[in-house]
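> Could you put together the complete structure from these sequences and hints?
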Amino acid sequence: MSERELSSNGSGSGELLVVEELEKHFPVTRGIIFQRQVASVKAVDGVSFTVREGETLGVVGESGCGKSTMARCIMRLLDPTGGKILFEGRDITRLSRAAMRPIRRQMMMIFQDPYASLNPRKRVGFIVAEALEVHRMGTDAEIKRRVQELLEVVGLNPEHYNRFPHEFSGGQRQRIGVARALAVNPKLIVCDEPVSALDVSVQAQILNLLKDLQKEFGLTYVFIAHDLNVVRHISDRVLVMYLGKIAEVAQRDTLYAEPKHPYTGALLSAVPIPDPELGRARRGVVLEGDVPSPINPPSGCRFHPRCPRFREGHCDIEDPPLYSFGDGHRAACHYPLERWPMTADEMRTAQSGPSAAEPVSR
Amino acid sequence: MALLDVKDLRTHFKTDDGIVKAVDGVSFTVEKGQTLGIVGESGCGKSVTNLTIMGLNPKRTAIISGEAIFKGEDLLSMPSKRLRDIRGNDIAMIFQDPMTSLNPVHSIGKQLVEAIMLHRDVTKKQARARALELLKAVGIPRAERRIDDYPHQFSGGMRQRVMIAMALINDPDLLIADEPTTALDVTTQAQILALMKRLQQEFDSAIIMITHDLGVVAETADDVIVMYAAQVVERGSVHEIFNSPHHPYTWGLLGSLPRLDDDPEHRLVQIPGQPPSLLRPPQGCRFHPRCPYVMEICRTTQPELEEIPGEPGHLQRCHLDEDTKRREVEKLLSGTMAEAS
Numbered sequence: 001m002s003e004r005e006l007s008s009n010g011s012g013s014g015e016l017l018v019v020e021e022l023e024k025h026f027p028v029t030r031g032i033i034f035q036r037q038v039a040s041v042k043a044v045d046g047v048s049f050t051v052r053e054g055e056t057l058g059v060v061g062e063s064g065c066g067k068s069t070m071a072r073c074i075m076r077l078l079d080p081t082g083g084k085i086l087f088e089g090r091d092i093t094r095l096s097r098a099a100m101r102p103i104r105r106q107m108m109m110i111f112q113d114p115y116a117s118l119n120p121r122k123r124v125g126f127i128v129a130e131a132l133e134v135h136r137m138g139t140d141a142e143i144k145r146r147v148q149e150l151l152e153v154v155g156l157n158p159e160h161y162n163r164f165p166h167e168f169s170g171g172q173r174q175r176i177g178v179a180r181a182l183a184v185n186p187k188l189i190v191c192d193e194p195v196s197a198l199d200v201s202v203q204a205q206i207l208n209l210l211k212d213l214q215k216e217f218g219l220t221y222v223f224i225a226h227d228l229n230v231v232r233h234i235s236d237r238v239l240v241m242y243l244g245k246i247a248e249v250a251q252r253d254t255l256y257a258e259p260k261h262p263y264t265g266a267l268l269s270a271v272p273i274p275d276p277e278l279g280r281a282r283r284g285v286v287l288e289g290d291v292p293s294p295i296n297p298p299s300g301c302r303f304h305p306r307c308p309r310f311r312e313g314h315c316d317i318e319d320p321p322l323y324s325f326g327d328g329h330r331a332a333c334h335y336p337l338e339r340w341p342m343t344a345d346e347m348r349t350a351q352s353g354p355s356a357a358e359p360v361s362r
Numbered sequence: 001m002a003l004l005d006v007k008d009l010r011t012h013f014k015t016d017d018g019i020v021k022a023v024d025g026v027s028f029t030v031e032k033g034q035t036l037g038i039v040g041e042s043g044c045g046k047s048v049t050n051l052t053i054m055g056l057n058p059k060r061t062a063i064i065s066g067e068a069i070f071k072g073e074d075l076l077s078m079p080s081k082r083l084r085d086i087r088g089n090d091i092a093m094i095f096q097d098p099m100t101s102l103n104p105v106h107s108i109g110k111q112l113v114e115a116i117m118l119h120r121d122v123t124k125k126q127a128r129a130r131a132l133e134l135l136k137a138v139g140i141p142r143a144e145r146r147i148d149d150y151p152h153q154f155s156g157g158m159r160q161r162v163m164i165a166m167a168l169i170n171d172p173d174l175l176i177a178d179e180p181t182t183a184l185d186v187t188t189q190a191q192i193l194a195l196m197k198r199l200q201q202e203f204d205s206a207i208i209m210i211t212h213d214l215g216v217v218a219e220t221a222d223d224v225i226v227m228y229a230a231q232v233v234e235r236g237s238v239h240e241i242f243n244s245p246h247h248p249y250t251w252g253l254l255g256s257l258p259r260l261d262d263d264p265e266h267r268l269v270q271i272p273g274q275p276p277s278l279l280r281p282p283q284g285c286r287f288h289p290r291c292p293y294v295m296e297i298c299r300t301t302q303p304e305l306e307e308i309p310g311e312p313g314h315l316q317r318c319h320l321d322e323d324t325k326r327r328e329v330e331k332l333l334s335g336t337m338a339e340a341s
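In order, the protein sequence lines correspond to chains B and D. End of the first sequence = 362 in this note's numbering, gap-free, step of one. End of the second sequence = 341 in this note's numbering, gap-free, step of one.
Hints were generated in silico from the structure; no laboratory data involved. Please note: incorrect hints may appear among the correct ones.
Have a look at the derived ranges for each label pair, beta carbon to beta carbon [to be verified]:
| # | chain 1 | residue 1 | chain 2 | residue 2 | range |
| --- | --- | --- | --- | --- | --- |
| 1 | B | Pro158 | D | Asp171 | 58 to 68 Å |
| 2 | B | Glu318 | D | Ser107 | 50 to 60 Å |
| 3 | D | Pro309 | B | Val286 | 33 to 43 Å |
| 4 | B | Ala281 | D | Met78 | 40 to 50 Å |
| 5 | D | Met78 | B | Ala39 | 54 to 64 Å |
| 6 | D | Pro292 | B | Pro158 | 22 to 32 Å |
| 7 | B | Lys215 | D | Glu322 | 17 to 27 Å |
| 8 | B | Leu77 | D | Glu330 | 46 to 56 Å |
| 9 | D | Glu330 | B | Pro305 | 40 to 50 Å |
| 10 | B | Ser196 | D | Gly273 | 17 to 27 Å |
| 11 | B | Leu77 | D | Asp85 | 50 to 60 Å |
| 12 | B | Ala39 | D | Ser77 | 55 to 65 Å |
Think of the CB as a built atom: it goes at the ideal place given N, C-alpha and C, for glycine as much as any other residue.
Structure, rendered in structure tokens:
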């Protein structure tokens, strides 16, 4: 897989995380005593990408596209069924629990639901300090000082050390989640929908906080969200997933200005614009139907049953590889969009032959 | 005459900690065939306002005052039998979560038929035919076969279509949609919004669209009210709200929104702090503890909801003078607004 070449045309900074052909299939079983596997849910099915040090990789997709499963595999909270995960050049895919422990200090996670991800019976001080204690990073007094410092860094009152999570609002809880992730000075933070449960004004607070922290501590983020506006605001590069596979990956500005995959185009035109003139003048592409089941994904290109550019005999037979469009821009489509924006009718009619771009994988 | 005229609506709840003023003096009108958007953050009273209009608040704890005149009748004071006739017939509601608002143990066909036969004198067969017709109208593929399916057999978007079919069953004059697309993915949201727009034109219904998503409001509403801490802080046409917003809270909402057409490097405006408790709302202007433009008068005197000179129909609740406002709006729209601190 030539993902390495992708990073080489970037700023030249080191690769922190390399994911190669990552696969996570969940078995579907029948029977009570003699369980036999009848099928598998292909939640993540051959995803490759790299994350450079200090950058933010945004991951977007609709529910069920496998973005959270992918995050959990990277964190080794789930064991991948195939592929490789390299963290700082070291293969961590099959490391034992004990061997994983020092690496867990380097990668932390922020979860979506600030109500479910904090233990309601523990005090905030304990929640933030837990990782420090697990990794034996200092004496009790040092840990306490560090926790108070962390609470201050994320904009909470350090005196709230002894409070319980229910005494905080949603936005404040998410700040506690951020403080917990920062505690052990990680290099990589995987954020799984960190702002989607929050109101807009609070969402802006958390997004600004994450950006500030990145600048201050040189953090690397994998930022998962379903909101394209949010992802655009925080990411350097963006990866679009559909049914367990990569549909498109590019630098942020390229992806939003010149999407190549019809799915990316459809997503972009489905985002409501908070401007009455612009929003209503736009004739967007409205996709039909729903995301198919990952148990029995469509043949060929997985997007073909919903795609306005679908060509019979090609898209439903041949799975498109990731074609390269230069500067690390790749899209898995046989008939990529020539320009953007496009209406649904233009999308249907303006079909050229197979892409002139060179396939770069498989 | 307006289809629905809500005047000085107040809903207070008795709780163990005291009285929660969930809605505190809200007035608005909805015209026939128009869409009114209600925006605000969680807990601002936008849902309670509409539950009150529909008479769906718990009777034991809710203290309600004000008027909601619907086609000449006051919904708040009418006998509950009359209200039951109107509810589901003239006024229908779509809820946020389509999984919990459909009954999981009955097929959707049965639930639709029940709703039809409750309000109309038709046979079961006719009701079923009507149900089928509506399922087709809202775009359920193979409706003949799916009518006997149960809610769990539908996806989220399809369930929301079923909810819309159920709401439209008696050609309502007013449709109240409470966060109808919040639980859905963007592409499904686009489908549902397009569907609602088409059906509105077809049936000439008025819609009250309750949402926290300013994008959805911008694309669907004709008029908008912005609610904060149980009160309306600004009211105007969708163009007024988005192009010349007059309340610092509206500025905060617009500025805190990451959007596809701005510079991603510019910092989002953040409204500091969090919405106040409705048990003890702040003295004076309710937004003053979070407002970057706070003045002495804001701490003591509650501003009235007043019409802006030169802009009939555009109301706002703020002490700030016009000149400062115009200046700040310009800054906001050009993306250089000072961050609230």
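> A separate judgement is required for each hint: does it hold in the structure or not?
For each hint, the structure was consulted:
no.: 1; hint: B:Pro158 with D:Asp171: 58 to 68 Å; result: holds (60 Å)
no.: 2; hint: B:Glu318 with D:Ser107: 50 to 60 Å; result: violated (40 Å)
no.: 3; hint: D:Pro309 with B:Val286: 33 to 43 Å; result: holds (42 Å)
no.: 4; hint: B:Ala281 with D:Met78: 40 to 50 Å; result: holds (43 Å)
no.: 5; hint: D:Met78 with B:Ala39: 54 to 64 Å; result: holds (56 Å)
no.: 6; hint: D:Pro292 with B:Pro158: 22 to 32 Å; result: holds (25 Å)
no.: 7; hint: B:Lys215 with D:Glu322: 17 to 27 Å; result: violated (38 Å)
no.: 8; hint: B:Leu77 with D:Glu330: 46 to 56 Å; result: holds (49 Å)
no.: 9; hint: D:Glu330 with B:Pro305: 40 to 50 Å; result: holds (48 Å)
no.: 10; hint: B:Ser196 with D:Gly273: 17 to 27 Å; result: holds (21 Å)
no.: 11; hint: B:Leu77 with D:Asp85: 50 to 60 Å; result: holds (54 Å)
no.: 12; hint: B:Ala39 with D:Ser77: 55 to 65 Å; result: holds (59 Å)
Violated hints for the displayed structure, listed by number in ascending order: 2, 7.
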